[in-house]
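**Student:** Whole structure, please, built from the sequences with the hints as guidance.
Take a look at the letters that make up each chain.
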Amino acid sequence: MKDFRLYDITDFVLDEDFIRWVYEKREEDEAFWDQWLQQHPGKHLVIAEARRILESLKTTQTAVPAPVVTHEVERLMQTIREQHEQPASITRTYKIGWYAAAVILVLLAVAGFSYKMFLPGASISPYSYAALTADRKLVEKKNNSDMPMHLTLPDGSSIELAPDSRIGYARNFDSAGTRDIYLSGEAFFSVTRMPNRPFRVFSNDIVTKVLGTSFNIRSFESDTTIQVIVRTGKVSVYTMADGSPATRTAANQPGEVILASNQRLVYAKAAQKFQKVLLDNPVMIVPAAADRNMVYEDAPLEKVFSTIAKAYDISIVYDNELLKHCTVTADLRNETFYRKLELVCRAIGATYEVIDGQVVVQASGCN
Amino acid sequence: MKEDLSQVESYWLQQLQCNNEQVLALLMKQYYTDLYNYAARLSPDESMIKDCIQEVFISLWQRRDSATAILSIRYYLLRAVKNKVLKALYYNNRKASPVHLQAAYNFSYEFSIEKLIIDQQVSEEKAAKLKRTLSQLSKRQQEVIYLKFYQHLDHEQIAELMGISRQSVYNLLHETIQKLRNLWHTEFVAR
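Protein sequences, first through last, are from chains A and B. Quick note: the first sequence, position 90, residue 90 per my numbering, numbers continuous. Position in the second sequence counted from 1, then plus 1000, gives you my numbering.
Note that these hints are calculated values from the structure, not bench results. Some hints could be false.
Partial list, derived from the structure: chain B residues whose beta carbon lies under 10 Å from chain A [what the hints assert, rightly or not]:
id	residue
1	A1025
2	W1061
3	S1072
4	E1160
5	L1173
6	E1175
Within a straight-line C-alpha distance of at most 30 Å, the following computed DSS-like cross-link-like pairs (lysine-lysine) qualify [as the list claims (entries may be wrong)]:
id	chain 1	residue 1	chain 2	residue 2
7	A	K43	A	K2
8	B	K1139	A	K58
9	A	K2	B	K1179
Note that the Cβ used here is the ideal one computed from N, Cα and C, for glycine as well.
**Tutor:** Right, here's the structure in full:
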């Protein structure tokens, strides 16, 4: 056990456990450090400084645009296919010795053979369940009943597997660096938080990566869409195929969509398009007790909106400047999300729309 | 502790051995941004970087029969890209003028102010200060924090990649954070 009392700022900044707390915000770490700080109140400044250093070092990555990556992947594939056809004549950007060329010739024969084994028939997508799990080392569970089936994974995560659906995961699921699940059909996941070991679900064309959360995926091979629904937390979803232009909508990173609580993502397989929509009946992500405080008398609009937005983890976008004099008197307890919005909007003479998973409020202002 | 090799990755390596091109494409797609960003810190020559990354994947493909010997795909690719880029720099420089490799090898911690502002909602002024602070670190210092805090390599991998001992990695990290703190202090507190 480490004795953090002896740590100075630099020690904290370099400590794996400390980094994990700052970067990944796990609940168990939060609890540990809260308690530790209570026991060592003199360390608050040291911790704050160490945190600040880590946070400022955190995000410096600029993603290479998806079309560039796609182009590079195509270039690679082309080179490799040329090698297959004419193994000895590729010298454009690199040198290849006779020895390597010979090896490739021999392997070609093997390639033709095993390719057929892994991809039986051209009609199957390269990302179908069968293709993704061609390896036989997976533990597989299939639900042949007509009731949802409850499963617990070795890491403690739980899955409600819908009828006619199946999942597969590796034997060493619990010791691998990432927790990977293959899904065909529909399932609801409650994932145990382990930010060092991302939880990924491969479902046909898309991959859903979990940042700690519960969510539902519906991906039957016969469906034309794949749907991901997030109840709590956040997930990121990206396509297995190279980021075609269509996948670049609505996301800050090309080819990747971040999905928050109460949002549903629909992926149209044919068009390769993502669309983000809000759930019909969003649920609160904060304890239900918060609902009891939602009684307002002449409360600033900003406060009301920010409380609702936080409770449901849904962004509410409005013109702060225009509406800064607006106040709300309303009892929003025991109302659904949309009813709450409606009541507030009525109070200030506004209307709202749901666009791309966000609520956009339009109004003319208050006096 | 930061073991990169998951079951799916060893599955991919097996598939590579079985001549599955799709997996090669998938790997490139998966790691492209990380590899590109790393290489971009070694050289500003974009087309050279892209060629180097191509070559790394081509040679991974050529050696696919021994792919399952790879312990960490991320580390393998980073190291291969670094070697390729340094070699390219060395040859280019030899053609132009006889410059030493170490001088050509100019690691810089590129810092996107815009991204920082969006991600962390810090003010433009503060972001500019952060950028200024990081640029005052030596190239080695910039590289070590990049490998630790951005690529999340463990100390052993950093040591191998930078060609120094584990103890030196530890010392370098300490010294870098210490310097960062001092610089920060002058930037933010003393003004």
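**Student:** Verify the interface restraint on W1061 of chain B: the C-beta must sit less than 10 Å from at least one C-beta of chain A.
**Tutor:** The hint holds - W1061 of chain B has a Cβ within 10 Å of chain A, the shortest such distance being about 6 Å.
**Student:** Against chain A, run the beta carbon of E1160 of chain B and see if the smallest gap drops under 10 Å.
**Tutor:** 18 Å, violated
**Student:** Classify the hint on E1175 of chain B as holds or violated, based on whether any CB of chain A lies nearer than 10 Å to its CB.
**Tutor:** Interface hint status for E1175 of chain B: holds (9 Å vs cutoff 10 Å).
**Student:** Checking one constraint from the list: CA of K1139 of chain B to CA of K58 of chain A, max 30 Å. Satisfied?
**Tutor:** Roughly 18 Å separates the two Cα atoms, so the pair holds.
**Student:** Take the C-alpha atoms of K43 of chain A and K2 of chain A, compute the straight-line distance between them, and say whether it is at most 30 Å.
**Tutor:** Holds - the C-alpha atoms of K2 of chain A and K43 of chain A are around 16 Å apart, at most 30 Å.
**Student:** Within 30 Å, alpha carbon to alpha carbon, are K2 of chain A and K1179 of chain B?
**Tutor:** 25 Å, holds
**Student:** Tell me if the interface restraint on A1025 of chain B is satisfied: Cβ within less than 10 Å of some Cβ in chain A.
**Tutor:** 5 Å, holds
**Student:** Identify whether the interface hint at S1072 of chain B stands, where standing means a beta carbon of chain A within less than 10 Å of its own.
**Tutor:** This hint holds: S1072 of chain B lies near chain A, its Cβ roughly 8 Å from the closest one there, short of 10 Å.
**Student:** Per the CB criterion, is L1173 of chain B less than 10 Å away from chain A?
**Tutor:** 5 Å, holds
Going down the numbered hints, you'll see the structure goes against just number 4.
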